[in-house]
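Undergrad: The whole structure should be built from the sequences, with the hints applied where relevant.
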Amino acid sequence: MGKSIKFKMTSIFILIFIVLAANSMWSVFNFNKLNNSIEEIMESNYASVVAAQNMVVALERQDSAELSHMFADDKNSQEIFLENEKKFLMWLARAEDNITEHGEEEILEGINNLYTQYIERYYSLIEIQSSEGIEEARNYYYNDVLPLFEESKEEARSLQELNQNSMIEQRNEAQRIAENASYSTLLIAFLTILLGLILVFYLMSKIVKPIDNLIDKIKKISEGDYSQQLDVTGDDEISELASEFNIMTEKLKSYELLNVRRLMKEKKKAEAIVESISDGIIVTDEDNKILLVNRAAEKALGIKEKEVINKHFLEEIKEEEIFKIIKSMKEKNKINNIKKNINITLKSGEELKHYNINVKPIRDKDGTNVGMVTLMQDITKLKEVDQMKSDFVSTVSHEFRTPLTSIGMSAGLLLEGISGDITEDQKELLEAIKEDNERLKNLVSDLLDLSRLESGKIQMDIALYDIRKIIQHAVKPFYRQAEDKNTSISINVNDNVSKVKADFNKISWVLTNLVGNALRYTPENGGKIEIEVKETANKILVAVKDNGKGIPEEFQKKIFEKFVQVKDEKGENTGGTGLGLAISKEIVNAHGGDIWIESEPGNGSKFYFTLYIGSKL
Amino acid sequence: MKKVLIIEDEKNIVLPLKMFLMKKEYDVRVSRDGIEGIKLAQEYMPDIILLDILLPKMNGYLVCEALKEEMDTKNIPVIFISAKTQEKDIKKAFEVGGQEYIIKPFVHEDIEKVLKKYFEEE
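Residue numbers (this note's numbering), protein chains in the order written: chain Y, 1 to 617; chain L, 1 to 122.
If you're looking for bench data, these hints aren't it; they were derived computationally from the structure.
The beta-carbon is built from N, C-alpha and C at its ideal position, and this holds for glycine as well.
What you were told as hints is all true, and nothing was included just to trick you.
So, partial list: chain L residues that the calculated Cβ filter (under 10 Å) puts toward chain Y:
hint, residue
1, LYS23
2, SER82
3, GLU109
Reference excerpt, derived from the structure (chain L facing chain Y, CB under 7 Å, subset only):
hint, residue
4, ASN12
5, ILE13
6, PRO16
7, ALA83
8, PRO105
9, PHE106
10, VAL107
11, HIS108
Below, a list of computed lysine-lysine pairs in the DSS-like style, where the Cα atoms sit at most 30 Å apart:
hint, chain 1, residue 1, chain 2, residue 2
12, Y, LYS434, L, LYS11
13, L, LYS24, Y, LYS427
14, Y, LYS434, L, LYS24
15, Y, LYS427, L, LYS113
16, L, LYS117, Y, LYS476
17, Y, LYS347, L, LYS88
18, L, LYS2, L, LYS91
19, L, LYS92, Y, LYS389
20, L, LYS116, Y, LYS434
21, L, LYS88, Y, LYS389
22, Y, LYS528, Y, LYS476
23, Y, LYS434, L, LYS23
24, L, LYS11, L, LYS74
25, Y, LYS353, L, LYS88
26, Y, LYS485, L, LYS113
27, Y, LYS476, Y, LYS539
28, Y, LYS389, L, LYS91
29, Y, LYS434, L, LYS117
30, Y, LYS269, Y, LYS253
31, Y, LYS383, L, LYS91
32, Y, LYS324, Y, LYS347
33, L, LYS57, L, LYS2
34, L, LYS92, Y, LYS457
35, L, LYS113, Y, LYS469
36, Y, LYS501, Y, LYS562
37, Y, LYS324, Y, LYS381
38, L, LYS11, Y, LYS427
39, Y, LYS434, L, LYS113
TA: Next up, the structure:
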């Protein structure tokens, strides 16, 4: 497969390298050329110039030696002449070895001829001087020797000139070469850069353009448009990528189709489930717009899903109480103690329907709230059952009252001997009847109270009271009984304690129950019951402590449930109804308070309950 | 001897109640239904009436109302004796002119206490 981008890039880079290398070689070639021309000057012309100069020097010395021979008759002159002849010949030979210029050979030949004649005439001069006298010698010198000397010198000088001119010429040549080299190198460099740029642009458009195209299409795919296809032209990597891309989009498309089908199936399933749920469901988004209303909610609220979808909750469902919960659930992060379910009553035609409203936030992965699910549980049936239960309890307790009266009264009359004397055995039996009659009486009235409290039928008659007054009122009936058992009852309340919000009779009932229990479980002789009150920021804590045998842990949890009784030491019931604490709990809770127990077996029990302090008036 | 009229249909209540009151030396008459009760009250003119609410023929409230409308009987104290414990029932008893309300189950001491209260005031 032609990996042509790779190939193209490689070729382009190789091309650029070749051009660069050529440029470098061209530069090197030019440097060499320059170097050679300098070398040439040095070798060819400079040596000739030196030789010519030395030849002139040697000639002049020979001329001086001649003159001194002629006029001073110097014996050394001949020696000097010979010595310089040798020198002249040496330099001439050097010049002859270094013929470089056109016409140089002829000049040197001329010098050689002239010098040969000059030497011959020198010897003739010496002969003339010694044979014909100084006068003749002088004439000969001036007429024959001196012109030859001058001519030779002239020739040597012209040799020097020739070479010097050549040097200048060569220098000019070198300058020209250097200039040319500079220009050509610059030109090649410029061309290289230009070529490089063109190639880079070409490559860029060849590679980047398809990539840009690809990016565009991938963006579209990420937006969910899987129909994107790229053009496949050529057989380079880009087109390979393009065809792979096209395969990928095809796969994505079919995958999406599959997913959509699966999702649709799941959605239909979920919708069917939601629709079939008998509790009403309303889903709202973070802006409280309605996203979903199921059939049960449609029926309960008298709306149609189609008409309310995407509209604000309050606009269509005018139940502010429900909306309040939805709103407060959103702010739940800040405040924790909000009501998250309430009971509401809606009119459905003629009948009233009761619903328990429960709101649950929908959170995404990060835990941010993206909406709310409001569940409307139809509790009409439960309410009805509850009503039936209270009616039942009420009827039963009512029906019990008449027989309880006759049994109690009859036993009482018999015991008092009103209808004649009775034996000790009879008395004992009658007392048992009376005692259990009493218990039944209490049970019936407690059951009725509890049933009413549970159904919320008993309204608390809340007012501000001094807790001490309630305590004293509740404890008063127990003093005699306590004295009989040799048990102390102490009340420990601060003088400036705040007033509490309470229903006097109900809280008094709770205290009566707690103190009565305490008294029942404290030992004969040495029993101790303490009632303490502590005040916190907004609540009052009432504690009833005894030093009885305490309550085993397994009982502590369920002691506030109905019909739970702790048996006494003998394993017998102690005469309570098993409803006292359950009623106490209902009463305290109806006041918004809590009731709990702390106890260690053997160490007595402490019952606590809280009440709200009234705002100071 | 003080005269007590019991208007009550439950014989098991009437029996010990009548026995107790007679032992305490009251003159006791008993009526088993509302209409007969009113009639008996007008004839007998008791010093006090013990009146149940759930009665045959006419309920205790109506009986009380009727008695309080008649000049002869309107000043006779009416003591309701009933198993009804709801506040509204008790309230109604006072609205129709009842003087006392004793909730069943009661014991003979409860009755004695109330009777003493009315007879000692005189």
